[in-house]
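A.B. asks: These protein sequence lines are chains A and B, in that order. Position 141 of the first sequence, counted from 1, bears residue number 141 in the UniProt record's numbering, the numbering being contiguous throughout. Position 301 of the second sequence, counted from 1, bears residue number 301 in the UniProt record's numbering, the numbering being contiguous throughout.
You may find that some hints are simply not true.
Residues from chain B shown here face chain A by an in silico Cβ test under 10 Å; the list is partial [what the hints assert, rightly or not]: (1) Gly64; (2) Gln73; (3) Gly74; (4) His110; (5) Gly142; (6) Lys144.
Cut-off 25 Å, straight-line C-alpha distance, at most; resulting in silico cross-link-like pairs (SDA-like, lysine to any residue) [unchecked claim]: (7) A:Lys184 / B:Gln33; (8) A:Lys156 / B:Val307; (9) A:Lys156 / B:Gly74; (10) B:Lys19 / A:Gly154; (11) A:Lys156 / A:Gly247; (12) A:Lys184 / B:Glu22; (13) A:Lys155 / B:Glu51; (14) A:Lys155 / B:Asp21; (15) B:Lys199 / A:Lys184; (16) A:Lys152 / B:Lys195; (17) A:Lys152 / B:Leu58; (18) A:Lys331 / B:Gly107; (19) A:Lys184 / B:Arg52; (20) A:Lys331 / B:Gly142; (21) B:Lys195 / A:Gly247; (22) A:Lys329 / B:Pro141; (23) A:Lys152 / B:Glu47; (24) B:Lys195 / B:Thr16; (25) A:Lys329 / B:Arg100; (26) A:Lys156 / B:Asp21.
Partner residues aside, some chain B positions facing chain A, computed with beta carbon under 8 Å [unchecked claim]: (27) Ile68; (28) Gly69; (29) Gln97.
No lab work stands behind these hints, which were simulated from the structure alone. These numbers were taken from a predicted model, which means no experiment stands behind them. Glycine included, each C-beta is placed from N, C-alpha and C at the ideal position.
Below are the chains, spelled out letter by letter.
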Amino acid sequence: MKHVLESVESQFEMFQILNEDGKIVNKDDMPDLSDDELKELMRRMVYTRVLDQRSIALNRQGRLGFYAPTAGQEASQLGSQFALEEEDFLLPGYRDVPQLIWQGLPLYQAFLFSRGHFHGNQMPEGVHAVSPQIIIGAQYVQTAGVALGIKKRGKKAVAVTYTGDGGTSQGDFYEGINFAGAYKAPALFFVQNNYFAISVPVEKQTNAKTLAQKAVAAGIEGVQVDGMDVLAVYAVTKAARERAINGEGPMLIETLTYRYGPHTMAGDDPTRYRTDDLDNEWEKKDPLVRFRKFLEEKDLWSEEDENKVIEEAKDEIKKAIKQADEYPKQKVTDFIGNMFEELPSHLQEQMEEYKEKESK
Amino acid sequence: MAQMTMIQAITDALRTELKNDENVLVFGEDVGQNGGVFRATEGLQDEFGEERVFDTPLAESGIGGLSIGLGLQGYRPVPEIQFFGFVYEVMDSISGQMARMRYRSGGSHHSPITIRSPFGGGVHTPELHADSLEGLIAQQPGIKVVIPSSPYDAKGLLISAIRDNDPVLFLEHMKLYRSFRGEVPEEDYTIELGKAEVKREGTDVTLISYGAMVHASLKAAEELEEKGVSAEVVDLRTVSPLDVDTIIESVKKTNRVVVVQEAQRQAGIAANVISEIQERAILHLEAPVLRVTAPDTVYSFSAAEEVWLPNHQDIIEKVDQVINF
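In isolation and in its complexed conformation, chain A is listed as follows (with noise of 0.2 Å):
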């Protein structure tokens, strides 16, 4: 008897384009982007870094609902949307909020899926999206439906979704690869590992030394990335989606992360589970420092550049705050009427007791 574990999993190595001091270790991957886009990409992830920071402010203030913390994740998260088109089809989790942003859901409506309004669930035109999934797992068999749609289309676009390092110790987290991997059809999964599901460790998940050698037991092809470098994450994803395109099926992209702030804003203390040294230890790692290293060494971001992205940002949330609190307020009659296309004489009933009930 032959044992292939350890072969197995000593073939799954993290990819890396650059280390942490932003130098450039794999020349033959780095991708093709040019000048604009890489400032762009840098634009995005420092954006982003301002919006979480509001955002948990606003949530302290009473001011947002429901948040789960993104700074840390920015390359993972938008190294990876930048790789998308528009026709691609986006079902992401719960702490994917920016990849939905970036894809076109507007800012506002981001506010608005926080507090707890459904019209920050509304997809506008040409966003191809589901809301965040928050049942673990749900998204990943979900996304093997739409791909497998894609597929019999003949569309040329992929379908994307995202879950952590806990959610592949979920059947559906194998149920989806597994499925998408029979039908071949265009799917990119991807695994953001930040090593604690909430506060459980990964190593308490699984004895899988990599989450991305799950792919083998669908057989689908995985790869490990490292997640706090953009340029790497933006590479593996825009060749997952070629792939996939062409007919060779999905892919599942591991990219190794971690989340700076708590779980959520509802209570999570990371002190709990978590060490200053280990904090530390990632912040090293930091995928805007590591960028902008780069770009700095490339003259390509100063600064002042950063400075103009940072009050932009500030001054596009203040309006989107604003749009958010003058929007509708919302009514258990908006929703009663979007229970079915129809509305059955029992709900008919509970809309008129309803109108009455938000009348007063």
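Go by the hints and put chain B onto chain A.
C.D. replies: Chain B only, in chain A's frame:
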């Protein structure tokens, strides 16, 4: 008009809609070349190709998710869950996801999915095949639950379900698949979802039922007639949402009611029916509304299911009680 069994009527409905709408996709475990374990999809893959009628890997949650995703791409999925006792594996996709799609997305997405699934007792299955679990899904807002009792209804209701732009659970009682034939038009026709049918007119008592218990109720009504009791039989056909109008109309006519379900007593469809009756027509009642149900155990070991399952004698006993109250 053709004489068909219920399973033939179901195949006919699937064929009709596969022809009518190229977005209709039929899939599930063994539904391809094998034609389904009950042959509901017999010949459909040959006729419409593997693009339209296909096998899935063996995973119910995956089938649910696949349906939702295909729905998001504009398809009209008709997945089969091989036995409804396996629903626990796909509860999130049904109740947590597709039933909430229109609501969650503020109407920007919907799930035009019809889940077909066999269920029902009396055919000596192993565990978790025969359970009446319609109540689980009937408790979930955003999805309709349809249970036909005849070949004619099965075809018309299934076509309506497939054309519906919201999710529908279509439950097929295994005992009814081949136990009798009925007239079924070869052309397409629909039966409105959410509408009950008075299967037999009567004046002394109303028997409200669905699925296989409609036949037990009809048999009870025949015997009752010999005893001089005129029983009206209402077939709910859709158990969620309920056709309250038809129920109340019959209650007002007979003033006495027995509700019959194959499911266990606790928290079921019958309880819902009775709540509606007492809220809307209590002054029309001459006696308490009684229920005929299975007992509140887990579904019977098959060696005892003939006793465990409600039958027409149980119904007659309850009718005696409401008549002689």
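A.B. asks: Against the earlier hints, flag every one the structure doesn't satisfy and list their numbers going up.
C.D. replies: Going through the list in order, the structure violates hints 8, 15, 16 and 21 and respects the others.
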